[in-house]
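With chain P's structure known, arrange chains C, H and Z with the ligands on it following the hints.
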Amino acid sequence: MSSQERTWKTKESGPHTYEEALHPVVRKNYGKWKYHEIPKPGVLKHVAESGDAIWTVRAGTPRQDTVDMLRRLCEVADRYSDGFLRFTVRNNVEFLTPNQENVEPMIQELESLGFPVGGTGMCVSSVSHTQGWLHCDIPATDASGVVKSMMDTLYREFKDMQMPNKVRLSTSCCAINCGGQADIAVVVKHTRPPRVNHDHLSTICELPKAVARCPVAAIRPTVVNGKRSLMVDEAKCICCGACFGACPAMEINHPEHSKFAIWVGGKNSNARSKPSTMSIVAHNLPNNPPRWPEVTDVIGRILTAYKAGGRPWERVGEWIARIGWKRFFEETGLTFDDNMIDSYRHARTTFNQSAHVRF
Amino acid sequence: MSSQERTWKTKESGPHTYEEALHPVVRKNYGKWKYHEIPKPGVLKHVAESGDAIWTVRAGTPRQDTVDMLRRLCEVADRYSDGFLRFTVRNNVEFLTPNQENVEPMIQELESLGFPVGGTGMCVSSVSHTQGWLHCDIPATDASGVVKSMMDTLYREFKDMQMPNKVRLSTSCCAINCGGQADIAVVVKHTRPPRVNHDHLSTICELPKAVARCPVAAIRPTVVNGKRSLMVDEAKCICCGACFGACPAMEINHPEHSKFAIWVGGKNSNARSKPSTMSIVAHNLPNNPPRWPEVTDVIGRILTAYKAGGRPWERVGEWIARIGWKRFFEETGLTFDDNMIDSYRHARTTFNQSAHVRF
Amino acid sequence: MDGANDSAMKGACQCNGCGSDGNGTFLNPTPMLDQLESGPWPSFISGFKELAERTKKPMLRGVLDQLEYSYNTKMGYWKGGLVTVDGYGAGIITRYSMIKDKFPEAAEFHTMRIQPAPGLHYNTSMLRELCDIWEKHGSGIIALHGQTGDIMLQGIEQDKVQECFDELNQAGWDLGGAGAGMRTGVSCIGPGRCENACYDNLKLHLKALQHYVGQVHRPEWNYKLKFKFSGCPNDCTNAIMRSDLAVIGTWRDAIQVDRDEVRAWIEERGVDALVNNVINHCPTKAISLKDGDMVIETRDCVRCMHCLNAMPKALSPGKERGISLLMGGKNTLKVGVNMGSLIVPFMKMEDDDDIETFLEMIDEIIDWWDDAGLDHERIGETIERVGLKQFLEGAGIEYDINQVTRPRDNPYFKAKY
Amino acid sequence: MDGANDSAMKGACQCNGCGSDGNGTFLNPTPMLDQLESGPWPSFISGFKELAERTKKPMLRGVLDQLEYSYNTKMGYWKGGLVTVDGYGAGIITRYSMIKDKFPEAAEFHTMRIQPAPGLHYNTSMLRELCDIWEKHGSGIIALHGQTGDIMLQGIEQDKVQECFDELNQAGWDLGGAGAGMRTGVSCIGPGRCENACYDNLKLHLKALQHYVGQVHRPEWNYKLKFKFSGCPNDCTNAIMRSDLAVIGTWRDAIQVDRDEVRAWIEERGVDALVNNVINHCPTKAISLKDGDMVIETRDCVRCMHCLNAMPKALSPGKERGISLLMGGKNTLKVGVNMGSLIVPFMKMEDDDDIETFLEMIDEIIDWWDDAGLDHERIGETIERVGLKQFLEGAGIEYDINQVTRPRDNPYFKAKY
Ligand code: SRM
Ligand code: SRM
Ligand code: SRM
Ligand code: SRM
Ligand code: SF4
Ligand code: SF4
Ligand code: SF4
Ligand code: SF4
Ligand code: SF4
Ligand code: SF4
Ligand code: SF4
Ligand code: SF4
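Chains as they are written, first to last, in my numbering: chain P, 1 to 359; chain C, 1 to 359; chain H, 1 to 417; chain Z, 1 to 417.
If we strip away everything but chain P, and leave its shape as in the complex, we get (with noise of 0.2 Å):
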């Protein structure tokens, strides 16, 4: 990577600027709009104070995408939104175009190019996902491939907005979580302790950093075969993960040892309640590629039962404050177990300090 024969100097520019990938009726109201509708499921209708409006158009991608599949956005954008488009953070596409004429036409083409049209309002939107065995070096599991499973199964959810609410769905292919939390995640779980590969061991690790790693201090160094190494103790680890980001030789990944978690009530807006962290509601479900059957089959009970049972603007974890734990699990027919009783350091904020009781 030498740099003799370059004829130019790298501009760091930081991000892209924004100015010029904003269709004009954009840059005209920019920061000047008055309120919004939802006239179908995937198109959004924004009236400026000036009495603009500008129509959305959003659809799914598989987010994993390719030049071609850019490309054909691309030739959508520029037949019906005079060539601008943009990406939500959750992964699918919008055209804003300000010709409601071209509205139709364009969810006509991108159903018929593969891209379902939907994404708004009170649905399941697309799932905010990982890179799983594609690309990362510490997964336990694909991301694109459950995703993909999830949403064959809530393809119409997505198309709908028959919600209750938004609901956000995450998969992450370890422990860390890159995918966040949402209403509804998929997460991997180590269970059980790294197993120590020592030769490989004693050949890439920065002992100390690894020691260091441990939120719960239980690596200790210890010699192997008269190399010098490390030892977990079982009792304390907690799986976390964290030392195999430091040190690969700590291998927490395996076929059988490595499950699904599902994990519900994941709120990051400030609507109405507080945002909240999510609560894990399932486990030990078989990490079982392709299709994953049993983790779509804990979701689909999941959103049956919020369909059913909530109201107007709960968000699953306020539809659950509202009828408290024991009725979910009831109401899904996930069952409580004693894993799920926090045991980490704020463990004691979540002891029921009070006599109230359902039964």
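Source of the hints: derived by calculation from the structure; they are not laboratory data.
Don't take every hint at face value.
As the list claims (entries may be wrong) - In the DSS-like style, the derived pairs of lysine-lysine whose C-alpha atoms are separated by at most 30 Å in a straight line are: (1) 290(Z) to 319(Z); (2) 209(C) to 236(C); (3) 56(Z) to 34(P); (4) 290(Z) to 348(Z); (5) 313(H) to 290(H); (6) 9(C) to 136(H); (7) 160(Z) to 136(Z); (8) 285(H) to 290(Z); (9) 28(C) to 236(P); (10) 209(P) to 79(Z); (11) 209(P) to 34(P); (12) 79(Z) to 227(P); (13) 313(Z) to 274(P); (14) 285(H) to 319(H); (15) 34(P) to 285(Z); (16) 224(Z) to 274(P); (17) 319(Z) to 45(P); (18) 313(Z) to 307(P); (19) 28(P) to 290(Z); (20) 326(C) to 414(Z); (21) 414(Z) to 236(C).
Frame of chain P, contents of chains C, H and Z with the ligands only:
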């Protein structure tokens, strides 16, 4: 303490038995009560399923009673409640009688003896309190004196039922808080680390016990003038005073460095909201015997604001939960300061992890 | 002990025991304390002075002098020690004056903790007898009651303790707890008057404290253990905040509704009051308004008591009654206040068998704590340190979703698969 | 690496690079992956296969083979390494196959993280140019977008990275973050379309990331630091949960109410809807029903957005707009998820001076963290460990009651008096 001359064996009987201390009408209707009413302040009427009714007259006492005072109460009981009386968990005395006609004369007599009748329903009841300079070995102030000073100013609030809900007060003479949580609590706050009395220490201290007692590992063994002693890491010390309990040479009390703190929002009942711990809302109030006017002033401000703003059934903490802490400080004229930001074990759970904001 | 200030002594006679302050009364002047005699609230100082003047007990004069001195110097002057009665290791709180050179009359001022009847019930002959014995041997000061529930007989000298105790014991009284053992219990009035009582807490209190009477008198655990018994979730004993073992009455079935009384209530107070003062206060929105009437959805009710409190004639606890056990309550020392946590959501408490089952469970819990706990660690602290799940396993208690407010928000557990 | 299973390989041609699976197509059989081609949701596998068949890039075949192998063995096979471009220390996520003997075509599969425009806006010529450069040098796989906000160009060999970057850079693109430095930011669409935007988040995003461009490219802090910019408290970027520095629009004055639109809303939907869907959802009961109309008590409003969301035509944020800064958001690793905490309740964000003031404050915050933090400790973890008060002092930020949900419930502080 030899037992040579004893002619009988100690009966390890535990609590006194209660049957003979119950009024016959109580015994008859034991566990079969139907409802109660509060006909007037200081008077309860309980009706049994049998149709029997029993009236209770409640009066305040100083708690630090004397045999003289108790004998006077016995006289009242003999005269008006068939020789039965009891005390409440808040040091009030109660006389139960099936004879409604005894109620008014009994009130007259109690009042004339100096026992204020009241303490029922939505009032400020007696203060639960502690030993102080009268008896404890670790107090930084008196408790009974503070209580007397407070109740003199809250006499009407004890006798009326004009508060949004019950108001429970407590007073404690060191940070241990034997007086307990309350709607409003007055508790001594140690304001600087203990000074080690090395001479004293060497004669009395079990060193490892004192070291172990410190919740933040701020105590270390050391040698002073050739003798084993202890030293306090003042940066770590949180002024909790626990070491003093293990070793009185860890002198935590000081006339100028023992201040008062006022706490609000403690609630132990499960009614409506879950029980809640108290929050500190004022500190650095001088320890100012014999009348502690600075303390009673703050109590007065809080009660005035609560009385004006609380809705029926809202306890102090529930009122604040509704109006928010910002308004609480505004309406009481107290000042929130950075010492009130939690820094202890579960501090993170008190951070405002949301964009909810009040201006 | 810096900060002490001798000027506080001026005016009082400094001789040892002349019984005079120069003003012709038994007591020495206590100008600071005297300020606590004004005002409408009954004054403990007036009470003490009255007692002292009548009985002329030097100890009372000494203690008032030392208290006056404390008021002036803003310091306390008592230190502990060890006094017990035969066969017991606890129950007397020993107090020696640290400045007995100044106040020799206050040299000793021990407290005897006595366990009252559950519910703090007395008849006048019991109470008079208690007063008489106490006046005979002690100072005559009695605190009714200590926060842990004891009758505190305050002010006795070491050499009078045993005979005083013997007389009290013969009259039916026993010492209360202190130190690292079982402590005296507290009960609300419960079935003795209250329509909300969901179990016979007075009886359970008596039986439980009798069961642990040995551990009350001969403490040898890690630390103290306190029972409190409230008849219902109103928790009039503050059990959740100040007892390791909070036994709180509750029920499993539907709230009992007297329809006529509901109608009468609404008629008298109006629908607005029903909505604002009852329905809107229900923590789980279990109550709804239907055609001007109230409907309670039982499965959403968390037994908070509010609607029953607001409408005592119309609503009562269900018929299937029993207790919840909450554990780990304690106040501030070291870890900050810890409210008790719901451990056993429901247990029947109807007959002696139920009481026995209950006490067997408590025995197991204590055994676990005795093993797992550290010195000076309350059981709530032990549970927090070791983990709730581990505690449940160790003590053989079933887990239940009611024990927590939510499932964990972190994946940090090792599962057994 | 136990559990790997070679039977997964049967059927695929094992030679190195013949370009055939025996079925006449470029790709080897991937029966597991093929099952992800059915169903209505767009299939990434179909996309990859289409790309591979068209471009005949061996890397794509190798990667699909290795992925198929992962699907069979339930294990991942990539390991990291270090590849950068001249002058940069981050921005390329390096991936070498751990089983390149099996899949030599998948030997290298690095990702270039590219910072898109704030708000993820494109015009087709930008995007086409990007595609063209990427197809020329890399695999042609692009993820739009990574969770941190990058365009992820996935699949390039080490020796092509520099030229690819040079071309991209000349076209206006720069690398994003990785490692212990500033990361790429995310913005919601904000003023680009949304009526709720309370500040120009696209502009602030651009300026802030330009300000820290050096720390993006040459990471040397304790750990990563992420900005996210949401125009209002709906927080459409999930900033609170996944950014150390969450910049969230808000306002200080009253919600703007268009009375006519309120009336129209109520007329259309009814008072019940107003009560059930708006008033009852207000977290602080700031809205009341008065004569069939709604009244908002401004001092009780916490700017949650709900009523504005429910009635977008009728209600808008106030006029005095700006930002809140929340800090310390991160996901699960080590300490469990930590939502960002409100640190600066309000700051104006109207002009370049405001941006400068803001960035100076962030500089100070980072300086503090650089000093006080430990290796691999996110700033939220540092604040928790050191204490919020200590952080505020250290970073020179004013304390405010809005930073906490309540004053402390323990007395364990040393005050300066
Ligand atoms: C396009 C997008 C922002 C962007 O720049 O990419 C966006 C756009 C809008 N959001 Fe959002 N939100 C977007 C992601 C989010 C996220 C983050 C996420 O999805 O990961 C959140 C936080 C989710 C959470 O709490 O975990 C989010 C929480 C909201 C809310 C609050 C919902 C609630 O009640 O909790 C609203 C209010 C509403 O729905 O009326 C909202 C409202 C809106 C509005 C109506 C704002 C407006 O007036 O234009 C926009 C159309 C919403 C719609 O899709 O129906 N937006 N919105 C994102 C679309 C994601 C997608 O493709 O599905
Ligand atoms: C006598 C006593 C029990 C005892 O055996 O000693 C008692 C008796 C009653 N309590 Fe209580 N409570 C008594 C201490 C308490 C305590 C503990 C305390 O005061 O330290 C609490 C918990 C306080 C807390 O939450 O911190 C307590 C929380 C309640 C509540 C719930 C109040 C609330 O809304 O939070 C009720 C319900 C009510 O007021 O209707 C209640 C209701 C009652 C009722 C109405 C029950 C009944 O139907 O008989 C009794 C008369 C109440 C009254 O005074 O108006 N009692 N009650 C105690 C009187 C104390 C006193 O002298 O002032
Ligand atoms: C007398 C009494 C206060 C009163 O005036 O009522 C009291 C007085 C003392 N308490 Fe207490 N506590 C008293 C009820 C309480 C309560 C309330 C309760 O039991 O309901 C608490 C809070 C609840 C709890 O248990 O946490 C309480 C929490 C403490 C603590 C802190 C325990 C903790 O773990 O947080 C200590 C310190 C210790 O044990 O080391 C303590 C220690 C003490 C000592 C023994 C101080 C000492 O270590 O030398 C005090 C002796 C004072 C004396 O001279 O008699 N006292 N103490 C109460 C006992 C009277 C009785 O037997 O009825
Ligand atoms: C690519 C991406 C997932 C995706 O498919 O979108 C990703 C992938 C990785 N993340 Fe992540 N994280 C990605 C967004 C996130 C997010 C979400 C966000 O930024 O909004 C989070 C949660 C928020 C947060 O920052 O906490 C996230 C939390 C982590 C963590 C845990 C950090 C923590 O303190 O809790 C690690 C572990 C670490 O840094 O040691 C991590 C580490 C990693 C590494 C670098 C694994 C490693 O240590 O080798 C992954 C590289 C995968 C790869 O092969 O490219 N990733 N990571 C996202 C970055 C793409 C982009 O640049 O746009
Ligand atoms: S969630 Fe874990 S495995 Fe998946 S991309 Fe992130 S770090 Fe990699
Ligand atoms: S998995 Fe986590 S807890 Fe276990 S040894 Fe590794 S870093 Fe420590
Ligand atoms: S609060 Fe402190 S000083 Fe007062 S009685 Fe209890 S232990 Fe003693
Ligand atoms: S006062 Fe508390 S924190 Fe300070 S040294 Fe003593 S025990 Fe430790
Ligand atoms: S706790 Fe319940 S049963 Fe006991 S007195 Fe209070 S209200 Fe009655
Ligand atoms: S007892 Fe409490 S929770 Fe149950 S219905 Fe009544 S108010 Fe609601
Ligand atoms: S965060 Fe607010 S401003 Fe940004 S898109 Fe969402 S609703 Fe609009
Ligand atoms: S923005 Fe939220 S808090 Fe403010 S009035 Fe509307 S609903 Fe209530």
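Checking against the hints above, which ones are violated? 3, 4, 9, 11, 19
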